[in-house]
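Undergrad: One letter stands for each residue in the lines below.
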Amino acid sequence: RKEVEQDPGPFNVPEGATVAFNCTYSNSASQSFFWYRQDCRKEPKLLMSVYSSGNEDGRFTAQLNRASQYISLLIRDSKLSDSATYLCVVTTGRRALTFGSGTRLQVQP
Amino acid sequence: ETGVTQSPTHLIKTRGQQVTLRCSSQSGHNTVSWYQQALGQGPQFIFQYYREEENGRGNFPPRFSGLQFPNYSSELNVNALELDDSALYLCASSPEGGELFFGEGSRLTVL
Numbered sequence: 001r002k003e004v005e006q007d008p009g010p011f012n013v014p015e016g017a018t019v020a021f022n023c024t025y026s027n028s029a030s031q032s033f034f035w036y037r038q039d040c041r042k043e044p045k046l047l048m049s050v051y052s053s054g055n056e057d058g059r060f061t062a063q064l065n066r067a068s069q070y071i072s073l074l075i076r077d078s079k080l081s082d083s084a085t086y087l088c089v090v091t092t093g094r095r096a097l098t099f100g101s102g103t104r105l106q107v108q109p
Numbered sequence: 001e002t003g004v005t006q007s008p009t010h011l012i013k014t015r016g017q018q019v020t021l022r023c024s025s026q027s028g029h030n031t032v033s034w035y036q037q038a039l040g041q042g043p044q045f046i047f048q049y050y051r052e053e054e055n056g057r058g059n060f061p062p063r064f065s066g067l068q069f070p071n072y073s074s075e076l077n078v079n080a081l082e083l084d085d086s087a088l089y090l091c092a093s094s095p096e097g098g099e100l101f102f103g104e105g106s107r108l109t110v111l
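Protein sequences, first through last, are from chains A and B.
Everything in the first sequence is counted per this note's numbering, starting at 1 for the first residue and increasing by one.
Everything in the second sequence is counted per this note's numbering, starting at 1 for the first residue and increasing by one.
Simulated from the structure, these hints should not be mistaken for laboratory data.
Since the structure is predicted, the reported quantities are computational estimates derived from the model, not experimental observations.
Note that CB positions come from ideal geometry on N, CA and C, so glycine has one too.
Among the hints, erroneous ones may be present.
Straight-line alpha carbon distances no greater than 20 angstroms define the calculated DMTMM-like cross-link-like pairs of lysine to aspartate or glutamate that follow [claimed, not checked]: (1) A/LYS2 - B/GLU99; (2) A/LYS42 - B/GLU96; (3) A/LYS45 - B/GLU96; (4) A/LYS42 - A/GLU3; (5) B/LYS13 - B/ASP85.
Partial selection, computed: residues in chain B whose CB lies under 10 angstroms from chain A [claimed, not checked]: (6) GLN44; (7) PHE45; (8) GLY58; (9) PRO61; (10) VAL110.
Can you make the complete structure from the sequences, with help from the hints?
TA: So this is what it looks like as structure tokens:
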């Protein structure tokens, strides 16, 4: 079983749609949680950290459920520029990032 | 622009050869990590260096080795290349305990 599991997609949505990605992790000792964004043939870039209380950054909302070991990302009012692969990431104390395989999003006009 | 630069950007090798990939970290960052990203997969942690010492390693064989230099730049060396080593190799630098910043990667093809 992979340490971080994501639905690979692709998610094809029209502009303006709301889309949600989910992720589960297997290591209950995981301490920090993130969503990264990766454009085609580019490096991953930090999108946002994820906290148990939930956090929002503009059109993006992230949630963490430690009891269920589940992380989510909600994107509202999708833009064409949101098209990318979204990587769910967890860390343990040693700071190494454990990535999921990513969920591909294609926003269509 | 993250300030992390990697070289070469692309290279082609044959099975059994050796390769060295280089990474210049962002100024002030004393920690460097290397990741391997195969096509369609997320990056996989190879190892991390902090102040010239390896302080964490993922599930990669000993033919994957590295160095960090006093200026905090780093090298990744892979010996006895295999076809499955074809991937994007990503370097990330960070200040101690801080956010990681990735370079654009070195794309290795093994024939």
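Undergrad: Next, verify each hint and record whether it holds.
TA: How the hints compare with the structure:
1. With a CA separation close to 24 angstroms, the supplied pair A/LYS2 and B/GLU99 exceeds the 20 angstroms bound.
2. For a cut-off of 20 angstroms, the pair hint linking A/LYS42 to B/GLU96 is broken: about 25 angstroms separates their Cα positions.
3. The suggested pairing of A/LYS45 with B/GLU96 holds, with an alpha-carbon distance near 18 angstroms, which does not exceed 20 angstroms.
4. The hinted pair formed by A/LYS42 and A/GLU3 fails the criterion: a straight-line CA distance of about 24 angstroms is larger than 20 angstroms.
5. A hinted pair counts as satisfied when its Cα atoms are at most 20 angstroms apart, and B/LYS13 with B/ASP85 qualifies at roughly 10 angstroms.
6. Because the beta carbon of B/GLN44 sits about 7 angstroms from the nearest beta carbon in chain A, less than 10 angstroms, this interface hint is met.
7. Annotation: B/PHE45 was flagged as interfacial toward chain A, and the flag holds, the nearest CB pair being 4 angstroms apart, inside 10 angstroms.
8. Of the supplied interface hints, the one on B/GLY58 holds, with its beta-carbon coming within about 7 angstroms of a beta-carbon of chain A, less than 10 angstroms.
9. With 10 angstroms as the threshold, the beta carbon of B/PRO61 stays out of range of chain A, its nearest partner Cβ sitting at about 17 angstroms, so the hint is violated.
10. Hint status for B/VAL110: violated, given a least beta-carbon distance of 18 angstroms to chain A, over 10 angstroms.
Checked against the numbered hints above, the structure breaks hints 1, 2, 4, 9, 10 and satisfies the rest.
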